[in-house]
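Asker: Letter by letter, the chains look like this.
Number of protein chains: 2
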Amino acid sequence: MNERTEIASLGEFGLIEHLTQNISFKNASTLLGVGDDAAVIDHFGRQTVVSTDMLIEGIHFDLSYTPLKHLGYKSVVVNLSDIYAMNATPTQILISIGFSNRYSVEALDEFYAGVYAACEKYNVDLIGGDTSSSQKGFIISVTAIGEVVPDSFVKRNTANVNDLICVSGELGSAFLGLTLLEREKKIFAETGAQPDLEGQAHIVGRLLKPEARKDIVEYFAESEIIPTSMIDISDGLSSDIMHICNKSKTGCVLYEDKFPFNDEAKEFAYKLQLDPTACALSGGEDYELLFTVSQADFEKIKINPSISIIGYITAETEGMHLLTRGGNKHPLVAQGWNHYNK
Amino acid sequence: MNERTEIASLGEFGLIEHLTQNISFKNASTLLGVGDDAAVIDHFGRQTVVSTDMLIEGIHFDLSYTPLKHLGYKSVVVNLSDIYAMNATPTQILISIGFSNRYSVEALDEFYAGVYAACEKYNVDLIGGDTSSSQKGFIISVTAIGEVVPDSFVKRNTANVNDLICVSGELGSAFLGLTLLEREKKIFAETGAQPDLEGQAHIVGRLLKPEARKDIVEYFAESEIIPTSMIDISDGLSSDIMHICNKSKTGCVLYEDKFPFNDEAKEFAYKLQLDPTACALSGGEDYELLFTVSQADFEKIKINPSISIIGYITAETEGMHLLTRGGNKHPLVAQGWNHYNK
Numbered sequence: 001m002n003e004r005t006e007i008a009s010l011g012e013f014g015l016i017e018h019l020t021q022n023i024s025f026k027n028a029s030t031l032l033g034v035g036d037d038a039a040v041i042d043h044f045g046r047q048t049v050v051s052t053d054m055l056i057e058g059i060h061f062d063l064s065y066t067p068l069k070h071l072g073y074k075s076v077v078v079n080l081s082d083i084y085a086m087n088a089t090p091t092q093i094l095i096s097i098g099f100s101n102r103y104s105v106e107a108l109d110e111f112y113a114g115v116y117a118a119c120e121k122y123n124v125d126l127i128g129g130d131t132s133s134s135q136k137g138f139i140i141s142v143t144a145i146g147e148v149v150p151d152s153f154v155k156r157n158t159a160n161v162n163d164l165i166c167v168s169g170e171l172g173s174a175f176l177g178l179t180l181l182e183r184e185k186k187i188f189a190e191t192g193a194q195p196d197l198e199g200q201a202h203i204v205g206r207l208l209k210p211e212a213r214k215d216i217v218e219y220f221a222e223s224e225i226i227p228t229s230m231i232d233i234s235d236g237l238s239s240d241i242m243h244i245c246n247k248s249k250t251g252c253v254l255y256e257d258k259f260p261f262n263d264e265a266k267e268f269a270y271k272l273q274l275d276p277t278a279c280a281l282s283g284g285e286d287y288e289l290l291f292t293v294s295q296a297d298f299e300k301i302k303i304n305p306s307i308s309i310i311g312y313i314t315a316e317t318e319g320m321h322l323l324t325r326g327g328n329k330h331p332l333v334a335q336g337w338n339h340y341n342k
Numbered sequence: 001m002n003e004r005t006e007i008a009s010l011g012e013f014g015l016i017e018h019l020t021q022n023i024s025f026k027n028a029s030t031l032l033g034v035g036d037d038a039a040v041i042d043h044f045g046r047q048t049v050v051s052t053d054m055l056i057e058g059i060h061f062d063l064s065y066t067p068l069k070h071l072g073y074k075s076v077v078v079n080l081s082d083i084y085a086m087n088a089t090p091t092q093i094l095i096s097i098g099f100s101n102r103y104s105v106e107a108l109d110e111f112y113a114g115v116y117a118a119c120e121k122y123n124v125d126l127i128g129g130d131t132s133s134s135q136k137g138f139i140i141s142v143t144a145i146g147e148v149v150p151d152s153f154v155k156r157n158t159a160n161v162n163d164l165i166c167v168s169g170e171l172g173s174a175f176l177g178l179t180l181l182e183r184e185k186k187i188f189a190e191t192g193a194q195p196d197l198e199g200q201a202h203i204v205g206r207l208l209k210p211e212a213r214k215d216i217v218e219y220f221a222e223s224e225i226i227p228t229s230m231i232d233i234s235d236g237l238s239s240d241i242m243h244i245c246n247k248s249k250t251g252c253v254l255y256e257d258k259f260p261f262n263d264e265a266k267e268f269a270y271k272l273q274l275d276p277t278a279c280a281l282s283g284g285e286d287y288e289l290l291f292t293v294s295q296a297d298f299e300k301i302k303i304n305p306s307i308s309i310i311g312y313i314t315a316e317t318e319g320m321h322l323l324t325r326g327g328n329k330h331p332l333v334a335q336g337w338n339h340y341n342k
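The listed protein sequences correspond, in order, to chains F and D. Counting from 1, one number per residue, gives the positions in the first sequence under the working numbering. Counting from 1, one number per residue, gives the positions in the second sequence under the working numbering.
None of these hints come from the bench; they were simulated from the model. Glycine included, every Cβ here is placed at the ideal spot set by N, Cα and C. Check the hints yourself; a few may be wrong.
Here chain F is said to cover these stretches of chain D; the calculated rule only asks that three of the stretch's residues, wherever they fall, bring their Cβ under 8 Å from a Cβ of chain F [stated by the list, open to error]:
| id | region |
| --- | --- |
| 1 | 22-35 |
| 2 | 124-132 |
| 3 | 159-165 |
| 4 | 197-204 |
| 5 | 271-282 |
| 6 | 310-317 |
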């Protein structure tokens, strides 16, 4: 970016207009978008699903290794992931940002390019938001809205004993990407050496530009599967399966040897003497779908290569356990991301 | 507050549970609230209206004179005001907060007490949100959802020539409250003298605990009025009428002698040698409804003591003007709050 346009030269309303001028709607339900006091959505007999998330510089992301375009993309995707985790289809988003005057219009354009790329990919309409200055750092708040066929939304508290525990995609890679970037940042600070990300594009991509599992929710609809419970993995497998079990008043057994890993990620973990299983359990930010299905759906689940069956639901009295490759049984511990302890 | 409970002692999920444990739903449309990936709303053939706003410490509020309970209340109300400004009824909110570790659980309880008080007063359900730590300051993002009879929502860009320009309540008082509190803060910093708010409860209340004009939107429904355009006054009368005129491609004339003031506020303005008209035009944060109606609705509007007719819409070529008490005609200038220039 060679040019730098000061935000003040546009003013608040000029800035909003600049950032939202190319919006075109993809959803028939979007009646009115940015530019009024509120947006308006129509329904056609569907139910609305809503979720919101806040991302704060220095807490949720580090701009020293996060391109603004990726950040815009990820801010949208992590919210859409929550909508998919309800077995719903996202249709609209609202996005508010706060930023200090060290950002130029060009920097915000980069961020919004990522936002629009995500909207395009997931067929979502940006319908509102707010821009504000901040005292420090970049602050993002996204609200995602989706729709679902009446009463086919899937909650966390409805898993049943003997249900299969399934997960989409792979686990632990985003955490390994974070570990790599933090390591390279430290080396750069100490020695000035440029980051060596050779051969690690996959894990870095998993952290900086995650995708939401639209395909899995579409597969549920095609295959007439309604999961008995579902959550997206943001805090780590351990913490998230414990949410399902605690809310459903059940226990569970997870099989370590069934955990899905990416080969490149696994190799990198070994290189760093990290246990891939620990990365999967406690790493977080995978944005995969973790769900339970009735055993009657086993055949339908088995044939989808993007889904792994990693355990089953037990009675609450049996507790929540990991069965290791070596045959040991360890109680699960929620080691998910808790930024209040930092 | 004598006790101080550290946030870390509850953890993120414990905190969310603590803050949301007493929620009970008031709207039949609220199917599922806090505690899952997303909330679910039903519709019954209505259209949904959504709005979001971000409030940042040091930019939008000053905690040295803003009680956290008032802040919670106001954060909700300013978003509901946007929903009313669409001629809709708010039904649900989502609220995300970011805060540093200098806040205790008791402090957040105060904030949420205000949030719940506003929910109670306006019959709105809190259905979701996010809590996060921040590097600096208190950050609030609220998304409000409302419903409207299909196609009876009111936009900003639909005012017609000869429509009457109307405003609810009073203008400029919140700005005078802000001026008073900023003055007392400065005096305290310089001399240590305790704030003297004697007799100024009204203007301070208008700033710290504003209300949204639910009553006006209800009056529209009862009286079968559909305004031709509407906006809520957050940036000042001048900036907000200019939004309506610019978007509707019209001009306007405002009559200074028709502006509604509160007597106490006017007296305080004179005491400070401020022009009440300037406070109304440029002050902002009144959260009154500014709207236009067809002249056919004149009789219905006239009998409501909470509504003042302050001008009329003209052709675009005639520009946007204020007609002063002295008979002079001044072009309107948008002097609304622009924090990027600060």
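Asker: Next step is simple, just say for each hint if it's right about the structure.
Answerer: Here is what the structure says about each hint:
no.	hint	result
1	22-35	holds (count 3)
2	124-132	holds (count 5)
3	159-165	violated (count 0)
4	197-204	violated (count 0)
5	271-282	violated (count 0)
6	310-317	violated (count 0)
When the structure is compared with the earlier hints, violations turn up for hints 3, 4, 5 and 6 and for no others.
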